[in-house]
Amino acid sequence: MQFLIISGFFGSGKTTLILELARELVVKRGKKIGIIVNDIGEVGIDDKVMKSYGLNVKEMFGGCICCEMAVNLPTTLKTLRDAYNPDIVILEPSGIADASNVNKVLKSIENLEIDVLPVVSLFDATQFDLLIESLPFIIAQVKSADIVLINKIDTVLDPYYMKRLEEEIHKVNKGANVIHISALHKLNIDKLIKNLLG
Amino acid sequence: MKILDLPSIFAAEMNLEFSEARTIGEIREFFHEFLVQLFEVSSVDNRLVGHIKVYSEGQNGTSIRANLTGSIRNLMVIANGDGEERGLRVWINVITHMVKEEELVGRVTNAIRKFTANQKEIVKSFSLSLSNTHRNK
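Chains C and P, in that order, are what the protein sequence lines are. Take 1 as the starting number for the first sequence in this note's numbering and just add one per residue. Take 1 as the starting number for the second sequence in this note's numbering and just add one per residue.
Hints were generated in silico from the structure; no laboratory data involved. Treat the hints loosely; a few may be bogus.
Said to hold, decoys possible - Derived pair list, reagent style SDA-like, types lysine to any residue, alpha-carbon separation capped at 20 angstroms:
1. C/Lys48 - P/Glu13
2. C/Lys51 - P/Trp91
3. C/Lys48 - P/Asp5
4. C/Lys48 - P/Gly81
The whole structure should be built from the sequences, with the hints applied where relevant.
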């Protein structure tokens, strides 16, 4: 079972990306997809949206998956495996989660063969400047990523601004593979899949 | 602009009963205006560091996904279905790093009450149930 973490701040476009990614993986690669959604509020919304698109979703509410909810992850994964036996499990952590902590939990799970795919962090191009200056966990989200996605590129017309964002990202994470996407307009989703699965 | 380290969260479920059956277009317009009101009370200087997420379902197959992050120009309402609805179940989640949680909960609750009262030609009745197990004091 492959495991894909798609982290990103609130409003970065995680749910929209996962909907599109899941559709592509099912239609073009014939994969069975399971999804785990972690909302820090108790009113789950992303899970309802994804279920309305016919996806297999398990919810983890009430706390952040990288800290207080981490203990529940192995059970949730096993439930998902037993119910759907997915090829790929996609985790949408809460907007404040640090994926490196989730990775530690995954490594500690016994009796479950998990192949962790490159960690993806998603950022809203229009908000990245403010967020990286103001919120320390944004830096952790960049650091823990193998692939950094700059989303909503359709709303940014200045190529110099985009170049500067890339430089900012590489200052924090030199080895990050940066891909420009628009999840809403389905731009470069195929490029992301190639980088994830080959 | 002051940014709080921890997010403040408003989470609630709402049941809406319309005064008469509403088309998908009318429902889409209703949620557009609803998110504008939520943005007004949860943003600072017309900016929202966080998100507003609303999801809604009706008994005749209507589903609404409404999001907003950053600025009002990012408001998005996706409506699916082609039937009419007499009522909707609505889930609301507002997260911000700009307003303290107690204040956010008060502001958003008041905004919802005012909005539904101002829409009395559309809304016959509503009930709001706040989720209060999460709190960042």
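Taking the hints in turn, this is what the structure says about them:
Proximity of C/Lys48 to P/Glu13 is assessed by CA-CA distance (about 13 angstroms); at most 20 angstroms being required, the pair is judged to hold. Taken as a hint, the C/Lys51 and P/Trp91 pair is honoured in the structure, with Cα atoms around 14 angstroms apart against an allowance of 20 angstroms. Of the supplied pair hints, the one linking C/Lys48 and P/Asp5 is violated, its CA atoms being roughly 28 angstroms apart against a limit of 20 angstroms. With a C-alpha separation of about 16 angstroms, the suggested pairing of C/Lys48 with P/Gly81 holds against the 20 angstroms cut-off.
Hint compliance for this structure: hint 3 is the single one not met.
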